[in-house]
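Produce the entire structure from the sequences given, and follow the hints as far as they go.
Residue numbers (my numbering), protein chains in the order written: chain A, 3 to 327; chain B, 3 to 327; chain C, 3 to 327; chain D, 3 to 327; chain E, 3 to 327; chain F, 3 to 327.
Be careful, since some hints might not be right.
Claimed, not checked - One-sided and incomplete, this derived list gives chain E residues near chain D with beta-carbon spacing under 7 angstroms: (1) P50; (2) G122; (3) H142; (4) G310.
It should be emphasised that the hints constitute simulated quantities derived from the structure, not laboratory data.
In this text, a Cβ means the ideal position worked out from N, Cα and C, and glycines have one as well.
Single-letter residue listing:
Protein chains: 6
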Amino acid sequence: MPLFDFPLDELRAYRPEPDEPQDFDAFWDRTSEVADRHPLDVRLTPQPGHLGLVDVWDVRFAGWNGDPINAWLIAPAGASRVGCVVTYIGYHGGRGFPHQHLRWPVAGWATLVVDTRGQGASASASSGVTGDPHGSEFGHAPGMLTKGILDPDEYYYRRVFTDAARAVDVAASLDIVDESRIVVSGHSQGGGIAQAVSALRPGVAAALVNEPFLCHFRRSCEIASTGPYPELVAFLGAQRDLEQRVFATLSYFEGMSFASRAQAPALYSVALMDTTCPPSTVFAAYNRWAGPKDIEVWPWNGHSGGEGYHAQRQLEWLSERFGTG
Amino acid sequence: MPLFDFPLDELRAYRPEPDEPQDFDAFWDRTSEVADRHPLDVRLTPQPGHLGLVDVWDVRFAGWNGDPINAWLIAPAGASRVGCVVTYIGYHGGRGFPHQHLRWPVAGWATLVVDTRGQGASASASSGVTGDPHGSEFGHAPGMLTKGILDPDEYYYRRVFTDAARAVDVAASLDIVDESRIVVSGHSQGGGIAQAVSALRPGVAAALVNEPFLCHFRRSCEIASTGPYPELVAFLGAQRDLEQRVFATLSYFEGMSFASRAQAPALYSVALMDTTCPPSTVFAAYNRWAGPKDIEVWPWNGHSGGEGYHAQRQLEWLSERFGTG
Amino acid sequence: MPLFDFPLDELRAYRPEPDEPQDFDAFWDRTSEVADRHPLDVRLTPQPGHLGLVDVWDVRFAGWNGDPINAWLIAPAGASRVGCVVTYIGYHGGRGFPHQHLRWPVAGWATLVVDTRGQGASASASSGVTGDPHGSEFGHAPGMLTKGILDPDEYYYRRVFTDAARAVDVAASLDIVDESRIVVSGHSQGGGIAQAVSALRPGVAAALVNEPFLCHFRRSCEIASTGPYPELVAFLGAQRDLEQRVFATLSYFEGMSFASRAQAPALYSVALMDTTCPPSTVFAAYNRWAGPKDIEVWPWNGHSGGEGYHAQRQLEWLSERFGTG
Amino acid sequence: MPLFDFPLDELRAYRPEPDEPQDFDAFWDRTSEVADRHPLDVRLTPQPGHLGLVDVWDVRFAGWNGDPINAWLIAPAGASRVGCVVTYIGYHGGRGFPHQHLRWPVAGWATLVVDTRGQGASASASSGVTGDPHGSEFGHAPGMLTKGILDPDEYYYRRVFTDAARAVDVAASLDIVDESRIVVSGHSQGGGIAQAVSALRPGVAAALVNEPFLCHFRRSCEIASTGPYPELVAFLGAQRDLEQRVFATLSYFEGMSFASRAQAPALYSVALMDTTCPPSTVFAAYNRWAGPKDIEVWPWNGHSGGEGYHAQRQLEWLSERFGTG
Amino acid sequence: MPLFDFPLDELRAYRPEPDEPQDFDAFWDRTSEVADRHPLDVRLTPQPGHLGLVDVWDVRFAGWNGDPINAWLIAPAGASRVGCVVTYIGYHGGRGFPHQHLRWPVAGWATLVVDTRGQGASASASSGVTGDPHGSEFGHAPGMLTKGILDPDEYYYRRVFTDAARAVDVAASLDIVDESRIVVSGHSQGGGIAQAVSALRPGVAAALVNEPFLCHFRRSCEIASTGPYPELVAFLGAQRDLEQRVFATLSYFEGMSFASRAQAPALYSVALMDTTCPPSTVFAAYNRWAGPKDIEVWPWNGHSGGEGYHAQRQLEWLSERFGTG
Amino acid sequence: MPLFDFPLDELRAYRPEPDEPQDFDAFWDRTSEVADRHPLDVRLTPQPGHLGLVDVWDVRFAGWNGDPINAWLIAPAGASRVGCVVTYIGYHGGRGFPHQHLRWPVAGWATLVVDTRGQGASASASSGVTGDPHGSEFGHAPGMLTKGILDPDEYYYRRVFTDAARAVDVAASLDIVDESRIVVSGHSQGGGIAQAVSALRPGVAAALVNEPFLCHFRRSCEIASTGPYPELVAFLGAQRDLEQRVFATLSYFEGMSFASRAQAPALYSVALMDTTCPPSTVFAAYNRWAGPKDIEVWPWNGHSGGEGYHAQRQLEWLSERFGTG
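Pasting the structure below:
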């Protein structure tokens with residue numbers, strides 16, 4: 003797994019200009035407005051079980067279009083007004099089981115683990131239960147990355163980012179959560195979502211963004227050799243006359259653009275041998291992040307990045323900022 | 003690419019019992035009834051172009067739920083009351099370009115080349131323009147094979163088979179077509195569709211079924227190592243408690259069950275080194291085909307089967323039966 | 003990933019005879035006696051950190067030859083006389099970080115997570131800190147499986163199984179642990195170790211054995227195509243005149259033999275598409291397990307087996323037996 | 003499939019100097035002179051069949067050394083004085099079946115589909131029937147690319163290019179063909195042949211050159227990772243003292259040199275992710291093409307390039323120039 | 003690399019019936035008669051060099067059709083009337099360098115290392131200098147296995163086996179060789195050739211046959227997944243109507259038929275994990291060998307078999323029989 | 003296998019600065035001093051056998067710590083005061099059989115073929131019999147490259163280089179050897195060892211260094227995609243906080259540093275498509291070699307380099323210098 007992207011010193015300085023549409027903010031304002039027509043409709047079902055140190059609720063709320071989105075809420079048993087880490091999931095995965103998400107609760111945080119609509123049905127390690135009840139007026143490549151890609155209004159990630167932003171609203175609405183300490187978090191697709199939500203909900207207290215997906219789409223298509231970006235290449239290689247429309251749609255979902263609108267402090271992670279979310283595409287977003295920021299560089303790892311080491315780093319980083327844990 | 007399935011003599015005798023639901027026919031009758039609430043609404047747009055020996059129309063008709071389905075109609079220039087080969091497409095592909103479908107017209111047949119909804123956006127050799135405007139209430143594995151798989155009513159192939167059956171109705175409705183000579187045809191997914199349509203529209207004049215997909219699902223999951231069946235394995239391996247529901251749904255879409263209801267003469271093709279649609283799963287359907295039948299066995303080929311040789315064989319077989327070409 | 007081993011009904015009945023040496027028990031008695039010359043010398047160092055709901059200790063104890071073995075002890079904060087799940091690690095891995103082992107503590111159990119000597123330095127997801135300060139008088143294939151394989155006294159797993167058995171003694175010695183509720187547990191190599199320890203420490207209260215490694219060595223060499231068994235094939239294929247000595251050594255470490263000596267109730271897990279620890283080799287051991295037993299079969303998974311689903315099943319199974327969690 | 007060659011703007015300007023031997027033209031004049039000692043000896047055998055809209059002849063003519071070369075002639079039924087597209091085949095393929103070559107006839111052109119000697123016996127999609135009755139005085143790597151490579155006079159492609167040039171003469175000799183509208187055409191090896199023939203028969207009316215093989219041999223050896231160029235690397239890596247002779251021979255067959263001698267208008271195609279005929283090697287030839295020219299760039303495709311899209315583009319391009327179709 | 007063929011006890015009893023043509027012997031008699039029209043025309047050129055303990059000659063002799071065949075003759079310096087091991091080379095290889103063939107000379111034997119015509123130009127470890135100056139009237143798959151395969155008279159291995167048999171005549175003609183101690187030897191293709199020569203020159207003193215190629219063609223096509231047999235599958239999969247002719251030709255070159263005609267004592271080698279020359283195809287020939295015989299079974303190796311271990315075994319086996327070395 | 007490293011002209015000038023510790027020489031002086039406490043204790047056991055032209059001894063001597071190291075001594079029969087080529091083995095291999103090392107003896111040299119401790123038990127072509135009786139206080143990745151890597155005193159290659167240097171002392175002690183003509187030699191790991199020994203025993207008469215391993219560790223980790231360097235990446239990717247210690251240890255074992263201390267004339271070999279020991283890392287060492295030197299560049303080969311061609315070149319190069327052979 004040799005190095006294949008820019009050297010680290012160039013990565014730290016890499017700052018390509020996103021091809022940002024003039025109505026980027028208008029698009030997301032409009033999106034928010036449409037979404038808000040549906041109340042959050044949060045339903046919590048306590049989950050009896052074997053995990054005595056924590057309380058677990060099955061959460062269902064109304065995402066984009068009022069569609070039902072499933073999540074787990076896990077908190078220290080009897081917690082009150084604790085901070086909450088909202089966790090988004092990597093590509094193909096789902097919320098899985100509560101026992102797979104105990105780190106934050108044991109450290110004194112609540113965590114809201116949010117399904118990604120339409121996913122969670124092929125990754126054996128982490129399953130989900132949330133569908134995407136919207137079809138598309140055009141075909142798409144296997145996977146979700148090109149679903150609805152000919153129109154920003156219909157694009158799959160418009161729904162996903164809206165669900166995710168509303169998950170922050172869900173967290174803020176919960177009695178046990180201190181709404182001033184809501185942190186967004188994720189790896190890969192989850193990191194890309196956390197990045198977007200940081201712009202859409204600028205009041206979040208912090209962002210934990212690991213090897214984020216959905217950044218610098220054009221370069222990612224040109225150099226990523228594993229993971230989901232090749233779905234875009236497959237679409238473009240089949241529908242050869244639609245390149246312009248594809249990248250026009252993607253410009254509304256570009257991680258660099260979201261990062262430049264974020265306010266919260268962020269801890270990023272990047273791996274130099276990551277062929278799925280290549281380091282230059284991660285730095286392209288990180289280098290534009292508008293809030294306070296720090297990044298851990300894992301020079302000898304691929305897409306899995308720092309794993310346990312970075313999780314430890316996150317515990318420390320949050321503790322320094324919020325005194326929890 | 004060694005042999006991996008039963009020896010040929012066992013294949014010829016292989017006749018496993020499908021796990022057929024009692025209401026199989028009722029399900030499809032009901033499906034047909036629901037579908038028929040939408041008129042066919044066929045729209046033909048003549049396509050000027052460079053292919054002088056044929057006439058080409060862009061066809062759009064109402065499939066399941068009235069959703070728009072796209073197709074090409076290509077016929078000998080000025081043809082009248084010719085037979086029509088309705089062609090269904092392999093997984094991931096689409097109707098492509100008219101110049102890719104000239105064999106039947108040059109042989110004196112019209113051909114109606116039908117998009118498969120939601121596909122055609124990742125196979126570089128053959129693109130489509132038809133979406134599947136239906137989402138699903140649950141996640142699915144990348145690809146279409148598990149979309150809606152928890153409920154026969156919502157399963158993706160319910161819509162596809164209905165579109166395909168209605169394409170036969172479209173062909174029958176055309177002035178230039180002799181409705182007594184409508185032949186259904188396809189390879190892989192296209193063959194699986196043709197097989198289903200042969201049961202749903204028993205009046206078709208013949209079926210050309212090459213290396214059909216969507217047969218003997220359980221065994222296919224157990225032995226197919228390439229192609230789409232592993233999508234089912236991915237789903238089952240992630241959603242470990244849904245196996246029963248999955249196979250219950252699939253039992254309404256089983257190729258063996260359709261084959262046993264077909265009346266028309268059929269020419270099949272099977273390849274003994276086919277790891278995508280393994281030969282035992284093809285013979286499982288073929289051996290149940292209720293009409294007159296013949297099968298070409300390609301002992302040294304994989305999923306592509308007989309290709310040009312079998313296309314030649316098809317020309318001869320149809321000519322013997324219909325005197326065309 | 004097609005099925006490649008016996009059908010499930012044959013697996014359930016599969017009961018090959020191990021090639022067990024007459025002095026199998028004598029060998030392990032002697033091993034125990036030699037090991038016992040070194041006191042356990044348990045050292046617990048409390049670990050401050052961010053995981054408030056639990057107490058964490060860095061544990062060091064004397065394994066085989068008095069060599070230092072590292073482990074984590076994690077327990078519900080302030081726990082007293084709780085059951086303890088002793089966890090052994092899969093091949094190449096190590097004890098990692100405490101935050102990676104919270105399931106049992108949150109369910110009310112202590113857990114002792116034990117490094118495997120000499121491993122933990124190549125699996126990015128789980129690192130260890132325990133060396134194997136013993137060399138070997140003969141070369142070995144990359145990996146640990148053939149280290150010292152020409153002599154049962156010098157074989158690597160003699161040291162590992164002894165370390166692991168002593169980890170049970172460590173658990174039993176702890177104030178916070180109820181020694182009547184010590185459970186051994188592991189996946190793959192960890193499952194193979196748990197199986198051996200169940201025989202070496204017949205007083206353990208239960209065993210959780212997932213897709214165990216180190217079973218039915220000869221058949222494993224013949225059919226496993228991934229994972230560590232091919233190390234044995236590499237050794238045998240290089241040192242072509244040592245086959246007899248290799249299998250003679252392995253006969254003292256055979257999972258079937260350990261299973262037949264186990265007394266505790268066991269919950270096994272097996273995956274039918276597991277090419278690393280093939281299902282027939284798992285059933286070969288399971289079918290000989292001498293205590294009460296149950297097995298979960300995951301038909302559509304490879305070596306990772308049931309993952310979260312099985313972890314959930316384990317929580318329930320232990321709860322039924324011990325009323326904890 | 004990431005980008006691996008120069009960026010597009012550099013490709014458009016890339017113009018390496020071929021290492022052209024002084025007697026390049028003399029070599030080919032002499033070759034032509036030797037070849038001309040054998041009359042063309044064209045034999046047309048009408049093919050009855052099922053393709054009523056076209057006339058088909060099995061064509062046999064004398065290629066290099068008078069060796070029999072097989073082709074299909076396919077033309078609109080009853081055509082007279084139509085243009086003719088001479089089609090050369092990609093590596094390993096053959097002329098296949100007439101029903102596989104209907105695009106040009108349906109568009110009003112005759113087409114002469116020419117076998118490549120010695121090939122057509124391993125590509126399942128397209129078989130040939132023409133041998134290469136010449137051996138070689140030295141071994142060669144599997145495949146044809148290094149057959150006779152130690153001597154330009156004996157090199158395999160001397161015979162192939164001569165056969166191909168004579169195929170143009172065959173077309174010109176046919177009553178049904180308008181000799182002022184003979185177009186040469188091909189993909190990959192077929193494109194390389196068309197390029198060479200454009201120089202050897204400068205009277206051809208146009209050239210359709212898709213992802214041509216046989217260009218910029220040295221760079222191709224250095225960067226192509228798939229397809230036939232690695233045959234050269236295998237030869238050079240085995241016969242380590244023959245590099246100079248190999249490249250000396252190849253200099254008489256260099257696509258850049260042929261391109262710089264071509265007069266006809268050309269439509270090229272190049273794919274930026276083509277690891278078989280890397281884009282820099284295609285542009286190296288294209289940028290030297292001496293006639294009017296145009297190139298379609300397919301940024302997201304591999305060696306298959308534009309496929310149906312480019313075929314459509316070719317129909318339009320020819321129609322603009324010749325008013326046919 | 004799991005076991006994939008029959009168990010060893012079945013292999014030892016495996017004795018399929020070859021599909022032997024009635025004129026098998028007549029064919030080879032005729033072949034011999036035609037070949038004998040060309041005198042051997044042996045030319046020896048002493049090779050000065052750095053290998054003082056041996057004498058080396060570059061040998062050239064007339065093979066089939068009088069074509070020049072190259073070989074090395076290497077013998078103990080000043081040897082006289084020593085036995086001679088005639089060595090045939092594995093697929094793609096050539097005679098290489100004299101310093102690569104010192105085992106037999108150092109053991110007191112001369113060795114004649116014979117190029118295989120047309121090969122030796124792609125295996126980096128062993129190059130050759132002998133061409134096959136015969137073409138073929140039909141195409142063939144890359145590699146030599148299908149060259150001329152439509153006609154036994156034109157088939158490539160007719161020439162190769164004849165060259166090889168004449169190499170025995172060359173050895174017998176040499177002053178330094180004791181013609182009563184000529185041994186034929188080879189691995190893979192070389193083993194297949196040695197097997198054939200043992201029948202064609204029944205006077206050879208012994209045969210050393212390692213993992214022979216060219217045995218039980220039909221089964222080899224069905225189960226070999228690596229090496230050259232897949233060339234046959236590629237040919238058959240492309241030229242779908244020629245299966246009968248292909249196997250008819252191969253029946254004259256079947257290793258089982260040659261083995262049943264051999265008289266000399268033989269030492270075979272077979273590897274149970276050999277996917278290139280599967281063990282059942284080796285035993286199919288070995289079990290028919292008509293002379294005294296022994297076989298070494300390497301249970302944990304692939305196609306390379308016993309390598310140095312078997313070479314050692316060969317030294318001992320020959321020494322027992324001939325007292326040399 | 004495309005080119006992936008610097009162009010040849012840059013390689014010839016490539017001269018990165020090693021990160022050499024100040025006490026590099028002191029470390030090796032100390033190492034030597036410690037090693038010398040154990041006498042060489044050379045034991046020669048004559049080997050009867052079948053190789054009459056040479057004398058063979060099984061050699062055992064005391065390496066690092068007095069550990070037994072095995073070797074073969076092979077010399078022209080009855081030789082006296084001949085030069086001796088000390089041969090070190092590539093990764094995973096061992097001394098194999100005497101009949102595999104006849105080139106130098108036949109050319110008039112003795113050769114001492116030295117096992118590498120702990121290896122020789124997984125490469126089917128060359129087995130060894132020498133263990134590494136030292137364990138490590140920390141885990142290591144499969145293979146030997148990271149064994150003891152946290153401390154230069156404990157690092158595996160400290161023992162290996164010491165064994166290798168003492169093998170030169172063994173050769174010098176032999177009656178049949180002319181101690182003024184001791185040449186060190188090896189490929190890959192063997193080349194890296196020869197390089198180190200050239201510095202540790204500056205009196206050696208020449209060095210033959212083929213595609214040496216253990217050079218320019220950091221760059222090798224960054225660009226090598228095959229072979230053992232990825233073991234380092236695996237270790238660094240698992241033990242993420244130990245990078246500094248790892249490279250600190252490696253700086254005492256850096257090929258560039260050894261090369262700059264060598265005095266003897268050297269013949270190197272490098273292959274431009276070598277992804278195991280990339281050419282820039284070979285030139286990094288070669289360009290620092292302090293003695294007279296020459297390098298053969300194999301432009302079209304991978305890690306196997308020049309093989310027989312280079313062996314021939316070595317025979318000539320040694321003959322020019324020493325008049326032997």
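Evaluated hints:
no., hint, result
1, P50, "violated, 18 angstroms"
2, G122, "holds, 4 angstroms"
3, H142, "holds, 5 angstroms"
4, G310, "violated, 24 angstroms"
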